[in-house]
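Enquirer: Sequence order for the protein chains is A and B. If you count the first sequence from 1, position 360 lands on 360 in the numbering used here, and the numbers rise without skipping. If you count the second sequence from 1, position 163 lands on 1163 in the numbering used here, and the numbers rise without skipping.
Don't read these hints as lab results, they were simulated from the structure. Nothing here was measured: the structure is a model prediction, and the numbers come from that model. All residues carry an ideal CB built from backbone N, CA and C; glycine is no exception. Any given hint might turn out to be false.
As the list claims (entries may be wrong) - Here are the simulated distance ranges between beta carbons:
#, chain 1, residue 1, chain 2, residue 2, range
1, A, E52, B, V1105, 49 to 59 Å
2, A, R408, B, N1297, 56 to 66 Å
3, A, H384, B, A1401, 36 to 46 Å
4, A, E157, B, L1066, 25 to 35 Å
What the hints assert, rightly or not - Chain A is faced by these chain B residues, among others (derived, beta-carbon under 10 Å):
#, residue
5, A1160
6, G1167
7, V1207
8, A1223
9, D1328
Said to hold, decoys possible - Far from chain B by the CB rule (all over 12 Å, computed), these chain A residues:
#, residue
10, G53
11, L73
12, L75
13, L100
14, L211
15, R308
16, L319
17, D328
18, D371
There are 2 protein chains.
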Amino acid sequence: MSYTPLDEGSVASFLATIPTIAKRLGGSPDQWTVREVGDGNLNVVFLVTGQEGGVAAKQALPYVRLVGESWPLPLSRAYYERLALADQARWAPDRVPALLHHDDVMALTVMELLRSHRTLRGALAEGERYPLLAGHLAEFLADTLFFTSDIAMPVVEKKARIAAYLGNTAMCRISEDLIFDEPFFDAPMNHHTPGLEDVVAAFCVDVPLRLAAQGMKARFLAAPEALLHGDLHTGSVMVTEADTKIIDPEFAFYGPIGFDVGMLLANLWMACLAQPGQRPGRSMDGLLLDQAATLWNGFATRFAGHWRALERDADHGSLHALGRGDADLREAAIAERLAAIWQDALGFAGCEVIRRILGLAHVADFETIVDEAMRAVCERRALHLGWALLVERDAFPDAAAVAQAILRESAGA
Amino acid sequence: MSYTPLDEGSVASFLATIPTIAKRLGGSPDQWTVREVGDGNLNVVFLVTGQEGGVAAKQALPYVRLVGESWPLPLSRAYYERLALADQARWAPDRVPALLHHDDVMALTVMELLRSHRTLRGALAEGERYPLLAGHLAEFLADTLFFTSDIAMPVVEKKARIAAYLGNTAMCRISEDLIFDEPFFDAPMNHHTPGLEDVVAAFCVDVPLRLAAQGMKARFLAAPEALLHGDLHTGSVMVTEADTKIIDPEFAFYGPIGFDVGMLLANLWMACLAQPGQRPGRSMDGLLLDQAATLWNGFATRFAGHWRALERDADHGSLHALGRGDADLREAAIAERLAAIWQDALGFAGCEVIRRILGLAHVADFETIVDEAMRAVCERRALHLGWALLVERDAFPDAAAVAQAILRESAGA
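All chains, full assembly: derive it from the sequences and hints.
Expert: Shown next, in the form of structure tokens:
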């Protein structure tokens, strides 16, 4: 069978041909309910429920959904997505949906249905808060990034994993163009809220800013430290009160650890910066700012804990080999590495904030602010923060310093 | 045919079965002269001359020649060597020997015979100096490292090249162990000149030093910036008055640009530091120190020149794409990148110096100093320099600063 795009009318009969899926759903296909919910930029997603259970079926389209057929995109991304889902499940099984079936030809991935979950981005915009969230995200980051890195993984195995993802070039290219390049010049698909023209013009000729962004691109291109999710914004996080799941790792590749960390932090910080527009007159929600700090601190603590727990006798060529039995060296190495990840995270966060306001792919946090003038005010503050994260990185020794800056920006309205 | 080790008795008849090689040599095999000259640590090398011409035939052994059959090493390194020879010939054809034939099963590479050339290490130890050398080496470094990097090479092509070399793990592992790990603890195969025990003991507990060495290892493991030679010491350089050729790229892989640069500089600096032992009573040869500086400056100038000459319209996702048409940004990017390469080069040079004195694989520069006490004096100075290159890197803004430090060390005898 060759690739055929599924739709709400055809997906049930297709899934019925897969015994494990048919059994999971139960009953006959004409009793199943199908709902297409793909609100992302790239794919179609069907939620299918039967008498016994439900599944989520995600199919890649041969083009970028956000733009249309004029922007082709290879179906191979579905292959990399299920590869990443399997790798992530090895290290953080509780934080990713169970993979039930995949079909490389159909570019189709069938996963457990996250029945009670909603996307974090939408929930945050409505003021929902999740006390377990920061801990769960820290767990996902620390577990997937530490155990796929040179520190924990034998060198030969790690190189094989790097190789396994090196072909995901089309997805990486999207990030290279949209995050690091296009927001900083007058790229055709850029768009922004009226009133920000002066910032756009200033950024285009800001050599330190563009140099810093290109420096982050250089890291993105040539720092295969660990297996990244690659698109870890709040739209890739599904939440309930009790659970957190990370979805959509089709941008996965081996890259700098700070990229996943920084993108996630940036999206939490944007959720904060959008609040004055979403709920005028109400004060900034300190809990969300605290959660960003808790996320970073939780990640750092857990990452360090994994490092300390490595078997002392391991001698497979990993970075930690030399530190075995030498606590001083190990602690110095942990501190140095975490500082470097933080530096990277700040720079990547700066790029992420700027590109979500000036580039092609915006975020609902700001887009749902109906009052254009108010939206421009919020976005201007965010752009200033993004600029500082790239150009004045040393001013942010920790997540608390970023929180302070966000409060200062918002108070200055 | 399966792999069979060749020897002086069998190599001629084997080469006679390869028409292009037989024709190049001319006459009949019984008229050919064969000389085995493999003075390296890993392989056998036959120089074969006939009536018409000559060839060099290099065969990998399934173990490390320096240690013996107890240390197996895969024959695949011959495959990577000819891959690298071909890649290097694309960018620096005048600086590598012509590849005439290869046989992956026999792990055999047949190259042009460098009839009048000798190894740079031996020549330097005898006081020979080559006015064109620094320029030639700068050319090789700048041309191979720039054009295989993210700056010049389209991203998709570069990722394919990274993948092509990712399997050369056994050779990389030798470097990982022998350069970054073993010199800094009491590894079984370490050896050193009597009298250096205090330095060995101090280095083993020197946390900043070992942390810096592990930092360089992290760069070596996860910074695929460009195609490296991977073993660019003065024994991999063949010279005449007029020509310079770089041989033996079997350690080739995509790694940090500063590694090739730093290893080469370190070996030139060691040649200087060994002089008081090799030629007692004679003053330090300033020409050689100058050549190291000329090499770095020539590399930097040529690297920058290549960057400036890139086509402005190129839009293949490389790092330079954004800099097109913006001279300020481009110049800032060039300066920043060269500073980063210099920092890396210093750190790698520090590791190289230390491992050549305290690790397994030493260099003739020091080993040929018969007076053990004098050798220890020279090596102690070199170790101090190596330590400073790793731990006090900021003290060396340029190659002249390193030259000054070497002169200071030597004057302090």
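Enquirer: Each of the hints needs a verdict: does it hold here or not?
Expert: Hint by hint, here is what the structure shows:
no. : hint                              : result
1   : E52(A) with V1105(B): 49 to 59 Å  : holds, 57 Å
2   : R408(A) with N1297(B): 56 to 66 Å : violated, 46 Å
3   : H384(A) with A1401(B): 36 to 46 Å : holds, 39 Å
4   : E157(A) with L1066(B): 25 to 35 Å : holds, 27 Å
5   : A1160                             : holds, 8 Å
6   : G1167                             : holds, 8 Å
7   : V1207                             : holds, 5 Å
8   : A1223                             : holds, 6 Å
9   : D1328                             : holds, 5 Å
10  : G53                               : holds, 40 Å
11  : L73                               : holds, 14 Å
12  : L75                               : holds, 17 Å
13  : L100                              : holds, 30 Å
14  : L211                              : violated, 5 Å
15  : R308                              : holds, 16 Å
16  : L319                              : violated, 6 Å
17  : D328                              : violated, 5 Å
18  : D371                              : holds, 34 Å
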